[in-house]
Amino acid sequence: MGSTKILIVDDERIMRESLAGWLERDGHEVETAPSGETALDLLKESRFDILLLDIKMEGMSGIEVLKHVRTTDPDVAVVMITAYGSISTAVEAMKIGAQDYLLKPFDPNELGLLIDKILNHQAQARENLFLKEEYKERTRFESMLGQSRTMQEVFRLIEDVAPADSTVLITGETGTGKGLAAKAIHSHSPRCDGPFVVVNCGAFPEHLLESELFGYQKGAFTDAKTTKKGRLELAHFGTLFLDEVGEISMRMQIDLLRVLEDRVFYRVGGTQPIEVDFRIIAATNRDLETAIKGGTFRRDLYYRLHVISFNMPPLRERKEDIPLLAEHFLRRFSQETNKQVDLISREALDEMMLYEWPGNVRELENAIERAVVVGKSHRILPGDLPIFHPDHVACLSDSTLKEVERTHIAQILDQYDWNISRSAEALGIDRTTLYSKIKRYQLRKPV
Amino acid sequence: MNAPSGQTLLIAPIQDLDIPLLEQIGRDIHRVYGFQTDIDGLLSDIRFSYDAERDQYYSTPILEKLQGLAPPHALKVLAVTREDLFIPILTHVYGEAQLGGRACIVSTFRLCEGVHAPLRKETLYKRVAKEAVHELGHTFNLRHCRDQSCIMHYCRTIKDVDRKSNELCRYCKILLDDEFERLGLTGRVPSAR
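Chains as they are written, first to last, in the working numbering: chain H, 1 to 447; chain P, 448 to 640.
Hints should not be assumed to be uniformly reliable.
[Said to hold, decoys possible] Output of the computed footprint for chain H on chain P, the stretches with three or more beta carbons under 8 Å from beta carbons of chain H: (1) 464 to 477; (2) 483 to 493; (3) 543 to 556; (4) 599 to 610.
[Said to hold, decoys possible] Calculated lysine-lysine pairs in the DSSO-like style (CA-CA distance at most 30 Å, straight line): (5) H/K228 with P/K606; (6) H/K5 with H/K117; (7) H/K319 with H/K95; (8) P/K606 with H/K117; (9) P/K512 with H/K229.
No wet-lab data here; the hints were simulated from the structure.
Owing to the predicted nature of the structure, the values given are computational and were not obtained by experimental measurement.
Virtual Cβ for every residue (Gly too), placed ideally from N, Cα, C.
All chains should be modelled from the sequences, with the hints used to inform the complete structure.
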């Protein structure tokens, strides 16, 4: 995660603009909305970390916006902005889920401290989620299956690149198994007895990613009570897997480039150079060449990472693997849930083969898990699958891939009342990807 | 000094300010950014930005005015004032800059805090010069830096201003070089890298 995304909602232009300017200079990415209604539209289209929300506005009040946001987007931190005299309303807002409030005009120091506090809290929550995902990923490792020509090609590539010590860049959509491919390369490499250390670069704000990667020396900052080794050190003699590398801030890209070039780094607050020996595998679902053109990714770092590169194919391009994968997940989840589900009906399999799987293998895995849990018989039937919508089967048959995806995402969003986190989970994609798809397909929540 | 001819960074004192203060600002700007500096009082009256209720000056309109007044040879303009500055949402600011733009301003008003004779002027000059270099950094697209010793670090207190160095950290130097390259500028002194 690079800069923090902040949405300012205030019906006074001068307030919006002055705050936006200050926050931009502070390194945040800022958007503004002149009304609660516009804010809700923006929240549907983009992901924000923090919402700075004025209480008193023409039209929809800040409290109404807050109530709405709390049901649709529980992860965004909301800070109410209030004038003197509305403090009781601000306190009321905290009872219904606002993180804090600021009395305007506010001291810049107070604002900075509050943003830091929120970001640290969010990073902690993301890290916990990441650790859970990492655990799931370990159990998922065996699911890197495929008889398709494209997957056979991937397996061959992995075997070819594993013995070399070169940096590898794996590209591909969310849920295609980039992490599994990285782990497979490590397992087949001469470093297989060394550690395989994963860093989800998208999970941390810049300063926390710095501590995570480089570690810190006791006393380097207020909370550094003891010296902590960073993941670069932990990956010594092993493989460092930088997931979501496209999300690293420009500043951290400079640091990373230096490590890649010199294989030496300093802990935060440290003066001793630490030499490290590891292989780097990076992965991204972003088009880094476009990011370079957009000025958000350094060309020199791209060349360092792009030594050997391959793409993980989306599931829709290897549909012949679906039966094998579905069987595999069925066995696993029926065992885990202790339910006697041992068959996938012909009709359910047909549905799976027709569907385009925007969330790829992860979405398929989630779909089978759900089917095993909700199914009433020993066979998975079409109705057990979250992708099955009988009303739409006929009209989808002539649709383009994009139309199918758009329709499916819209259905899932409706099904979960536009709760972004739950919808993303059901689709098997992350929230950021869902937001970008909502934006791309111009989906709107029904009023 | 290898600054391209005609490209200067202009220091615009808004009131009569100590010449040694302006000289110190000029030296620090030259050292960090590598450009020649000129001093020219472009704007002497900022009453148009005065807010009687707050008894402070709103800095954003001053920047807009400065941008319009800046002569063509001035790459950037830095105004220096004794007045207390604010932006509407905040109680005060030490200065303000147009991010990636042409104008910025710094105020000495709150930087006087805690300075006593005989070191009064020396301490104040150092603080103002640091904040001037900081605001100019924003016009070169630099954002606040987490490194507490970097001049682009956002200072929440006067102690923070005194604690930070008068240099850019290595990250900000690289980001500044990138920005110079983007702008097609070659004015930086090599030793500053």
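Against the structure, the hints:
1. Check on the stretch 464 to 477 of chain P: 0 of its residues sit with their Cβ under 8 Å from a Cβ of chain H, so the three-residue criterion for coverage is violated.
2. Beta-carbon proximity to chain H at under 8 Å applies to 0 residues in the stretch 483 to 493 of chain P; the threshold of 3 is not reached and the given coverage is violated.
3. Coverage of the stretch 543 to 556 of chain P by chain H holds in this model, with 3 residues showing a Cβ closer than 8 Å to a Cβ of that chain against a need of three.
4. Residue count for the stretch 599 to 610 of chain P with a Cβ under 8 Å from a Cβ of chain H: 3. That meets the three needed, and the coverage hint holds.
5. Distance check on the hinted pair: H/K228 and P/K606 sit about 28 Å apart at the alpha-carbon level, within 30 Å; holds.
6. Note on H/K5 and H/K117: the hinted pairing holds, with a Cα-Cα distance of about 15 Å set against a maximum of 30 Å.
7. Distance check on the hinted pair: H/K319 and H/K95 sit about 49 Å apart at the alpha-carbon level, beyond 30 Å; violated.
8. With a CA separation close to 21 Å, the supplied pair P/K606 and H/K117 stays within the 30 Å bound.
9. Restraint check: the Cα-Cα separation between P/K512 and H/K229 comes to about 51 Å, which exceeds 30 Å; the hinted pair is violated.
The structure does not agree with the numbered hints 1, 2, 7 and 9 stated previously, though it agrees with the rest.
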